[in-house]
Structure formats: structure tokens, C-alpha cells
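A.B. asks: Take a look at the letters that make up each chain.
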Amino acid sequence: MRRTRTGWLLLAPSMIILFVVGIVPFIYVLYVGFFDWNLFSASREMTFNGVNNYRQLVFDPLFLDAIWVTIRFTFFAVVSQLIIGFFLAQLLLRDFPGKSFFRTIHTVPLMIAPIAIGAIWRLLTIPGFGPIPYLLDRWFDFEFNIGNNATQAFLAIVIMDIWHWTPFVTLTMLAGLSALPAEPREAAQVDGANSWQIFRFITLPQMQPVVLTVLFIRIMDGLRTVDEINMLTNGGGPGTSTRTIGIHIFRVVFPQTDYGYGSAMSLLTLYLTIVACWFLFVSLTAVRKR
Amino acid sequence: MKKLSLLLIVIAVLLSGLSIVSAQDDMGIDSAWWQAAGAPYAGTVLHGVTESTPPSNYVKDVLAPMFQEMTGIQVDLETTSWDQMYDKAIRDMEAGSGIYDFVYIEQDIIYGYLANNYLVDMTQALSENPDLAAPGFSFDDFTSFLNYFKNADGDVFGMPMEAFVKVYLYRTDLFENADNQAAFEAEYGYPLAPATTHQQYTDIAKFFTEYGEANDMDLWGTTVQAASGHPSSFYEFFESVAPTFGVYNWGINMENWKATVENGGEMNSDAAKEALAWWLGNLQYAPPESTSSTWDEVAASFAAGRAAQGLVYGENAAWIATDPERSTVVGNVGVALPPLSDGVLAAAEAGDGYIGYYDGGAFGLPVSSQNVEATLLWLQFVGLPQVQEEWAATSSRIVMDSTYSTPMVVEVDAATNGYFSLMKDEGYLFAGAPPFPFHPQVREVVAPFIYQAIGGELTAAEALDQAAAAADAELVSLGYGS
Amino acid sequence: MKINTRKVLSYAFTYVVWIIVTIVTILPVYWMFVISARSRVELFNAPNLIISSFYTQNYTNVIYDRTFQSYMMNSVIVSTGNAVLVTALALLATYALSRYDLVGKDNIFFTTLTQRMAPPAAFLLPLFLLYTQVFAFGEGRARWDLYDTQIGLILLYCVFNLPFAIWLLKGIIDGIPVELDEAAYVDGATTSMVIRRIILPLAAPGLAVTLILSWVFAWNEYLLAATLTNFNARTITTGLAEFVTVTGTNWGEMAAVAMLTLVPSLIVVAFAQRYLVAGLTFGAVKN
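Protein chains in written order, with this note's numbering: chain A, 1 to 290; chain B, 291 to 772; chain C, 773 to 1059.
In short, the hints are calculated from the structure, not lab data.
Certain hints may be false.
[Unchecked claim] Simulated pairs of lysine-lysine, DSS-like, Cα-Cα distance not exceeding 27 Å:
id, chain 1, residue 1, chain 2, residue 2
1, C, Lys-779, A, Lys-99
2, C, Lys-877, A, Lys-289
3, B, Lys-440, B, Lys-350
4, C, Lys-942, C, Lys-877
5, C, Lys-779, A, Lys-289
Construct the complete structure from the given sequences, taking the supplied hints into account.
C.D. replies: Dropping the structure here:
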């Protein structure tokens, strides 16, 4: 290993920027989280109230509800993306005419701004306007209305996320699969293993670090999804069925101008996210060292 | 058409500015005074933030260039979404960063801004700087809407720039059709006409929904602004529906800041519950997009001919009735007062209540502004009677009594079957939002219960009981009442 | 012959799957295109996927709009600036994390990642204060601050792009044999020479991916840009939100802007397809 001073120097610019635009605001939020501070309250003052905000959060049904919505949303979306992405990546391993065309088209959703994605899916699903409810009604006499059916609205945001992010999973899985050493697979083939056995006992274990990595990235980003859901369901409706924690914090901090409580909420959410991701990170490190 | 006419207006204005001063004298603006008054501030750039609406766009596209031509003061107006507008204005004024020299103040937020001392007292500022007081400008020209922007001493803190009433729009072609009238009377035993009671409103909604079904048309009985996750549904209920049942000020007792009946409020009173149940009941006669409809989509549904009647913000009345580029019901739009419970009209006439929402906004001058003098000039310019006519005709907003009788406005009034007349004659029956310094705070707490009622998770009674309790708790935590 | 039938079937299967995936992927975008080709009144008709007439005004209205042009320009500058900065910084940082024995290396790495996890809403106030009051110099008209500047956004986007870039590059640089560096050092090369002559060419595919993805993420960001800019540095995504108004969302023009926004990203991706796959390993696979 080389002189560590040079190492620190190389790392410094990144760390300084991240400190200034990342850690400094974080410290501010941490500080404000211990205060009772609403711009439009009678007193308007910042009053220190210790951990009261946090104590209140644990019993706040709207907060807990939003966390639960977010967890369910992330779970269904990410699991589906993993399965579909893995499957599609397998199909892309082999060469076939038109492969790069299909792959390029597949990456299109990845390139669209989340806020535009929300707009697209709103245009697709608004009753009286969008083709999805229209055709479902026409062909199957099925009433699809994300405005008053909580289950359908939830389904819509999950499908939108799958549409948006599966390409990323496919590409990452494909990168992983293409980099796998071929020998174990060939050896197993020689030994007469069928393709399911090869997949189950050779490819899957080899792919474990890739799967964990993708899981990590998707969970990390999925938990903070705001723009597209906000656009699609107009702020988390019906009721609070698609009000993810990101949207909820947004509403508490902005229209409600409850900075103290909103900051505490942010930090608690961040903490929960970090804990979840830390477990994944540790297992990832462990798997990779094996 | 509208785009084109706007473009022509801009060109005309620019040309008139270029050619000779006399062109402006036609409008009666003393351009020599403006030029002299603006000279010390020439080159200054004023920044403002507002919601992206037709009145604001008119300010940006027409008035700002006109003002710059005369005074040399440049005006940049940021037009953005409703959420963003509030967020940015409040953050700037709170931090005192001085980014904005003028901000849009919706009537419902003014009390919060006044309580926080965000705004410059314009009356005082103008009397302290008499050389800035423009000839032809007077606060007396404004309608009584101006009163919403005054403090207790009568000083003005906002230059009104738009005002509308939320009215009852109906389709004249459907209502005046002889077959429909006969069929309706046969079924309900009274003639078909714009509803004056809630029962009539529901009957009409039901009638036209069935009519649409029978004739395989995309037609329903009524619009409902019931976006199930967006504050617009909260507003339609508390500002436009509850008052027609005699529940005012969101059901919050202004004496002790309480919402629940047991504490002296009315938010969960029987009348409020009846109102919510009635409103939710209308959903079955409304187009399927209603539960996704915010303010703009309600207007769009009506303009698409998908509803026979509805409560629609007045700012949409003109384009729905006149703009064939955007509306399929041009020429078929009638306006009326909303349906009311017994005694509500009498109470409103006596000044003890109101029948709907008088909506609008003003430009305010933040104390953090670095260009107070130049901004005072600009805001007076926006408040000149001479610039009002076209502004009113293109974006259906009126803030001065004198504007009602201008030719362009009279024309639009005829096309809408009397929207402006109704606003002029009956406007006093409507009222702005209650003077709460905590407007969005309580709204955000109450709204989720309304959303859940729309989604059918809660009944009307449950929703309002829970909402009132939550409002009481939030008000205490904000320091109002105890 | 049996094997051949199987092969044909498996090809057929692959094609069927990919045709379905392609249709599902394209239809929503196509629908947006359809919307962008219709006037407001036409939108009221029953949904129809066929474009019978093209209402070009949605496009011309925005293309010839000066505001729109400056939004587009800002977006190009901000995302390109950010992508280049992020890639350069990440290259240095990753080289350090990969080759030097720094105390608490793993923790540094994870901490940078946590920056990406924060729910953004509550962080907007401190960022606003930071940009308007801390990084503010001068008074009156000579006043300059980071608020509403392109450089402000470029720096800010590092918060979510840098951690991602470091992670992406970490695997790539770890995969370059240390022996190559060592040999160069023995020959008297400096650190900067090693990074330029050895790491840079070998990590090229990874750097390309980092550049592209950072660019795309910056191009698409909405909330921070909406909050921290107002006149001079507004980006195109913030422009999208302006079409949502109380008197009718102008879906046609909004869709037109969204389509125009998509074009640069698509061009970038079409050219960089190859790297995209090669570079996305996140170090998860040992080469």
C-alpha cells in the first residue's frame, strides 16, 4: 500500500463537496428536529422540546401509514423488477438478430425524467382520458379508477415503478451474467446436470453479489420515490393509499410549514433506511469476501 | 385563437410603445410622469413569483414589457405551480433573502403573512413617499375585495390582481331543450331550471346521468372537484359546499379556535355532516374522473361537455364559454348562484354568512425586497384602472368596479350569459377564506379525512368527527385556543 | 433434428418475450407522443391511439419560446457540468479507496452512500439557507450567491451522483490489477501519471457509464432544481411543472416538452449502449 497522504488528498475533493452540500444540511436538520418550530404557529419561535418530536412520531398514524405504504410499494416493485430483470437478462445472454435493438428500446424508460413518467402514467390511467380504463371497460367491462379505488391506485404506482426501473435491473444483471466464469457451468453440463440444476446450484450462487447489489440500489432509491407518484396520484390519493413517506414529509414541511416535526420525520426515515441498507451492505461485503 | 389574440395584443403594445407617446395617451396613462418617476431606477430588475395562471401570464407578457418601455425598469416574473409558488415565497420572506420584490398572495394566506410581518404596508409607504404616488392610481378604485388585504387599521398590504367567484355553471343547451324539460317535469313534478335547493341539484344530476346513459353519451349530471389526495377537494367542500348548508369558516369557532361541536365548533355538526354526505352523494352522478379532478380538471370536464352542471371557478367561465380551441360547449354555458339550504341566502344578504367562495389574489411587497421604491411604482402600474379592461376580458378576473362597464368585458359577459354581471351584483354574497393565520396548517391536517371519505374508507360522519378532533389538536399545538 | 426443433422453439420464445416487452415499454411513451400531437379539444374524444392529424402548435409554441430555450440550455450545461465533475472526482476518490490503506475505508464508502438515501424535502430549507446566506458575497447589486446559478446545481447534484459514481467505479478499478500500477511506480511514474496513463484507459467503459448515468440523473432531477433556481438557472424539468395550472393543465404542450426532453437522453443512450452493459457491474463480480 502506498503513502496514505496521497490517498487522502485524492479523496478530499469528493469528501469536501459531500460534506458541504450533504453533511452540513444534515446537521441542520438534525438540530431543527429537536425543536418545536412552525412558521405559522402563534409563537413562531423555535422552542427546544428535546425528543418530543420523535416520541410523537412513534404514535403518529399518518407517519406510520406512510412508512407502511412505502415499504409495501418498495417490496412489490423491487421483487418484481428482480424477477423480470433476471429473466430478461438471461434471454439477452445469447446472441440473436435484433438483440441490440430490443435492448436499446428496453432502456428508454430509464432515460425519462421521473416527473414526466408520472405525467405519462397519469395520462394513461385517468378515467375519461386515458386508454387503460377505457379499454378495460370496453373489452372486459372492468372498472378501473385510480381516483377512488385504493388497491388499483397502489397497483398503478407499482406497475409504473416496474416499468421505469426494470431496465436498470436487466442491464445490471446482464453485466453480471456476462462476467461470470463459464467453467463451473460447463463442468456441470459435462456431468449431465439439466438447465434448472445449473441455474439453481451454479448461476444463482454465483450471481448472489450482483443480486444483493441491485437489491441495495433499488431499495435505496425505491424508498425515496416522490416525483412520479406525486404526479400520478396527485399527492398520494385516494385517501392516503399511495402517500409514500417522501410525499408525506413533503406535505408536512411545505404546506404545513412544520419544520421541526418534518425534520424529525426525515431523520427517523433516513435512520430506518440506513439500517435496512446496512444489513444488505454487510451481507454484500460478506458474500464478496467469501 | 386566444394565443393568437394575445400575440396580437403584445405586438400592438410593442408597436404603440415604439411609435409615439400619444398611443399610450389613448389609454389615459400619463407616460411622462412614469418616465420621470422611473428614471432613478432605470436598469433595475424586479423579481416576482406567481402561480402560472392566465392573469399572471398577462402580467408577464403584456404589462411587464409595457412598464419597462415606460420606465426603464425591467420586471421578471416567475410563473410556477401553486405548491412551488407558496413554498418559494414563504421561504424567501422567512429567510429575508430578498430574492423577490413582489410575490403573489392568495387571499387565503394573507392573514398568515400579516401575522408574520412579511409585507410592506403600501398605504404607509406611499404616504411617506408622495413623489412615488402615481397620478391616476387610487386604492379607492378597487372593489371591496381590497378589504381582504387590509390590516386592522385599514392599511393596504396587497395590490389586488385577480378575483373570481366560484359559480354554478350549467349547460343551457341541455336545460333549455324542450324534450328534456318535459321529461324532467314528468318525472320530478317541477320544471327543469338551475337548481336553487340541494335536492333539486341532485335530481338534475340524476336526470342527466340517466339521460346520458340512455343516449349512450359521455354525459353525467354534475362535476365534483373530488381529487382524492389533493387539497382541491378539501376546498370545494369547505369553501363552496359547506357554506351553502350554513357551515362557515370551515366549521371553526372564531372565538375560541375550536372545531368540534362539544367545544363550540361546527366542523362535525349535523349540518356539516349533511353537507358532506350530499357532496359525496353527487359522486355517483359525476364523471369517473371526478375523484382525480383538481380545479383544472373540473373545468376541463365541463369544457369537454361531460357534465350538465357543476361548481366551477369563475376564472374558467370565460374560456369555457368562448374559446373553441379549448372548449366544446362554447355558447352553451349559463351561470347561476349555487343551490342553498333554507335561510342561507337571507343570512348572506344580511351579512351574517356567505354562499360561496370569493377567490383571488394580490401582489404583495416583501419587507425583504431590496427595491421597495421601484416595486411600489410597478405595483401601482398594475393597479391602474387603464390596464384592467383587456386583462379582465382575457382572463375573467375583475378587481375594479369601473372595469365591469368596459366594452370588452361587456362582450364576455354576454358570451357567458352574465358571469360578470353575477359577480358584480351578487358578489357581495360570496366571501373569501376565513381570516386564519394558520390556513395551510389546519387544511393539511383535516384534508386526509376528506380524502378518505371520498375513497369510501370513512362515512361522512366519521370523517368529520375525526377531522374536527384532529383540527382541535392541531390548533392547540399551534398555540391557538387551549 | 430434435435439437433443432428445441433451438427454434427457444428462439421463438425469446422473440415473443422481447416483442411483448418492447410493446409494453413503448406504448406509454407513444401515448405521450399522441397527446403531444393533439389540440386541447381533440383530447376530449375517446382515447384513440392513431394519429390522424398532427397539431404542430404544441411543439412550435415551446420551441420558439425564449424561456423554454433557456431552460433547455441550462439543463444541458448543468447536466454536462455535473457529469464531468462527478466522473472526475469519482475517479480520484475511487482510486484512493481502491489502492490506499485508508483508515475506515468501508465506513467512508457506506457514509457516502447514505447521502443518497435522505428524503429530500426536509433538506431543502438548509440548502436554501446555505445557498442564499452562507455562499453569498457582496452587497446590493454586486451581490453574488450560489442560489439560482448553474454552478450551484452542478455542485448540489454531486450529493446523489457522487456516491453512485464511486460505487460504480469502485468495482471497475478494483478489477484493474495492482501489479500494473506497481510496475509503473517502480519505473518512476507519479500518481497522476499512473491515473492518466494506466487507470484512465483501462477504466474507460466504466467511466463512460458513470458519465452517462450521472448525466441522465442530473438531466431528470426536478425537486432541487425547482427549489433552488428561479430565473437564470431553471432547468427543463421544472418547466414541465409549469404546464399544470388552475385553468387547465396544458397536457399537449407538456407532452411536447417531455418528448423534446427525451431526445437528448435517447441519443446519448443509443451511442453508449455497449458501454452501458459492460460498465454496470458495481464490482459485484470478480473478473
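A.B. asks: Look at each hint and say if it fits the structure.
C.D. replies: Structure-based check of all given hints:
For the given pair, Lys-779(C) sits about 17 Å from Lys-99(A) by alpha-carbon distance, which is consistent with the 27 Å threshold. The suggested pairing of Lys-877(C) with Lys-289(A) holds, with an alpha-carbon distance near 15 Å, which does not exceed 27 Å. Proposed proximity of Lys-440(B) and Lys-350(B) is supported: the alpha carbons are some 25 Å apart, at most 27 Å. A hinted pair counts as satisfied when its Cα atoms are at most 27 Å apart, and Lys-942(C) with Lys-877(C) qualifies at roughly 12 Å.
For the suggested pair Lys-779(C) and Lys-289(A), the alpha carbons sit about 39 Å apart, so the restraint of at most 27 Å is broken.
Going through the hint list in order, the structure does not satisfy hint 5, though it satisfies all others.
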